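J.: Go ahead and model the full structure; you've got the sequences and the hints to work with.
Now for the letters of each chain:
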Amino acid sequence: MINKMNVLIATSVILLASGCTNLGVQPWERDLLAQEGMSLNNPVDNALDDHIYFSKEASSGGKSFGGGGCGCN
Amino acid sequence: MQLTHRSKPKVLNVKAALSLATCALLGVNPVAAQGEGQSTEPWSFDTAVLFYSEADRVSALEAMVSATKEFDDQHFLNLKLTLDTLTGASANGAVAQPHAQTFTRPSGQGQYQITPGDTPLDDTFKDTRVQINGQWTQPLGQHLTGSVGGHLSKEFDYLSLGFNANVGYDFNQKNTTATLGFSHFKDTFSPIGGIPKPFASMGIGDSNAPNWDGDFAATRLTDQDDKNTTDILVGLTQVINRRMVTQFNYSYSVVDGYQTDPFKILSVVDGQGISQDLVYESRPDKRTKHSVFAQTKYHFGDSILDLSYRYMWDDWQIKSHTLDSRLRIKLDGGYTIEPHVRLYSQTAAQFYQPFLHQGQLMASFASADYRIGAMDTYTLGLKMGMRLKDGNKLAVRLEYYSQRPKDSGFTQPGALAEQDLYPGVDAVILQMSYSF
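Chains A and B are the protein sequences, given in the same order.
Heads up: the first sequence at position 36 corresponds to 446 in my numbering, and the numbers run straight through without jumps.
Heads up: the second sequence at position 310 corresponds to 313 in my numbering, and the numbers run straight through without jumps.
Pair ranges (Cβ atoms, derived):
no.	chain 1	residue 1	chain 2	residue 2	range
1	A	Asn456	B	Val237	15 to 25 Å
2	A	Thr421	B	Asp130	42 to 52 Å
3	A	Thr421	B	Leu334	36 to 46 Å
4	A	Gln436	B	Asp75	24 to 34 Å
5	B	Lys129	A	Gln436	48 to 58 Å
6	A	Asn456	B	Ala168	17 to 27 Å
7	A	Thr421	B	Thr118	48 to 58 Å
8	B	Leu397	A	Asn456	11 to 21 Å
9	A	Asn456	B	Gly217	47 to 57 Å
10	A	Thr421	B	Gly304	32 to 42 Å
11	B	Asp130	A	Gln436	49 to 59 Å
12	A	Gln436	B	Leu310	23 to 33 Å
13	A	Asn456	B	Leu164	16 to 26 Å
14	A	Val417	B	Gly412	26 to 36 Å
Here are the simulated SDA-like cross-link-like pairs (lysine to any residue), alpha carbons at most 25 Å apart as the crow flies:
no.	chain 1	residue 1	chain 2	residue 2
15	B	Lys177	A	Leu442
16	B	Lys386	A	Ile462
17	B	Lys392	A	Pro453
18	B	Lys333	A	Ser449
19	B	Lys386	A	Asp455
20	B	Lys189	B	Thr140
21	B	Lys333	A	Glu439
22	B	Lys396	A	Ala444
23	B	Lys230	A	Tyr463
24	B	Lys409	B	Pro119
25	B	Lys409	A	Asp460
26	B	Lys333	A	Met448
27	B	Lys333	A	Asp441
28	B	Lys200	B	Ser110
29	B	Lys333	A	Arg440
30	B	Lys396	A	Leu442
31	B	Lys333	A	Gln445
32	B	Lys386	A	Asn451
Calculated from the structure, these hints are not laboratory results.
Fair warning: this is a prediction, and the values are worked out from it, not measured in the lab.
Glycine is no exception: its CB is placed at the ideal position from the N, C-alpha and C atoms.
T.: What follows is the structure, given as C-alpha cells:
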C-alpha cells in the first residue's frame, strides 16, 4: 500500500514538474500574485492553528514540519 | 511598509523597545548593526494573543511575538517568542460508570472523584510553556535560497529542542519553486510522579498512609523518557496564471521514543460493564507518518480563495483527511472579512480501545485516548482585518471548533450501554493580531 502510494506521489511530482514549464506568468504580470493575501503562508495564524490541532487531533504537519515541539498533546 | 512615521508615537515606542530587546537578545548594537551597504529596513513585528476555551475542559491563553528583519539584500532573520498557559480538565481515558469513581492524581498525591454518568476528567491539567524560534534565510545562488532554524520549547515537565534546514530552487522564471526540508526534534518528558509502567494498575488509597509512597513507586518505570522526531518535506510551488498559485508537499516523519501519555488510563470492565480495574495506557515507541498536502489560492479581484487538502497516514493505522477553506473578501476602507471552514476526519489507531475486558488477553499496546480514536471535527470561523492609517494591521478572529469522536464498532456491555463513551468537545477560539 505504502509502496504504491510512493510510486503515485513520485509520478505525480514528475508529471507536475514537467508540466510546470508551460505554466506561469511573465514578471510584469505578478501584480495580483504579489498582493499580501496571495501569500501561501500566514506564519502567525498557521503556528497558532498547528498548536491547537497538534494537541487535539492525531495528525500534524503537511503544510510545514509537523514534528515534536511541545508536550501539548 | 511604514508609509508615515509621524502618527502613533506610542506604537513607534513599542516598536523601538521591541527592536532594542531583539538586538539585546542577539547581542548586537541596533545602530552598529546597520553598517554601510546593509539594509536600513526596520524590524517588523507580528503579534497575536489567542484564547482557547473548551466547555468544562481545557482553557489556554497563548501570546506570540514574531520579529523579522532584512539584514542585507534578501537576508532575513526571524525570531519568535511564544508563551502559553493551560488550565482545566482533560479526559483521563476511563469510561463513565453508573456509580461514583475515584482516581489517583498523576503525581500520586491526592485523589479526585467523578460523579455517576460523567466522563472522568482529571482537573489537575495545568502547564506554562515558553517557546523560542529563530530562522535565518538567505540566497545561496541566483536561483537557490537556503534557510536554517532552531527551536526551544520548555514546559515544567517537558523540554523540546529542534533544528531545521531547507533549500528552495526557483526555475521557470521563478514560476516554479522546488523545496526540500529537514527537521529534527529531541523531546524530553519528565512528568510529575514519573513514567508509569505499561498496564500497571492505578493504586487508589490514602496518599497519607505510610506505605502509599512505596506502593505508588511500584507502578512507576522511570522519572523521564524522551523521543526523537525526524521530518523530511519535499514541496513544489507553482504559479498557474496571473490569478492562481498552487503548492504540493509530501512529508515523511519518523517519531522514535516515548509516545505514551503518562496521564492516560483505561478502564478494565467485567461482563456487566462495571469497572474492576484502572490501568495505565501503553503506545508503540515508533511511529512513521506520511502526508500529502495541496493548497491553491485564487484571486477573484475583490476576494481571494484559499483551499487546501491534506491526507495523512501512518503505521498506527491512523488515516486522516483535512479540508480547509478560507475566502478573504476585500471591503471598502481597508477592511477585510474572511470566513473559514475546516473539516477533519480520522480513523482510529490500531491499538485504540475505549476500555479493556476483564480476563482478555492483554495486547502489547492499548490506549483509550479519544484523540487517537475515530473522530470527525469541524471548525467554523470568521476573521476581520483592517489596515490602519499608519499602515499597521489589526485583525480579530473568532472560531468555533467541535470534536465529534465516533464509535469504531466496540460493543458496550451491560451498564456501559447506558453511558456516553464518545462525548463531543466544543471550543471557542478568539485571536487578536497586530502587525507593525
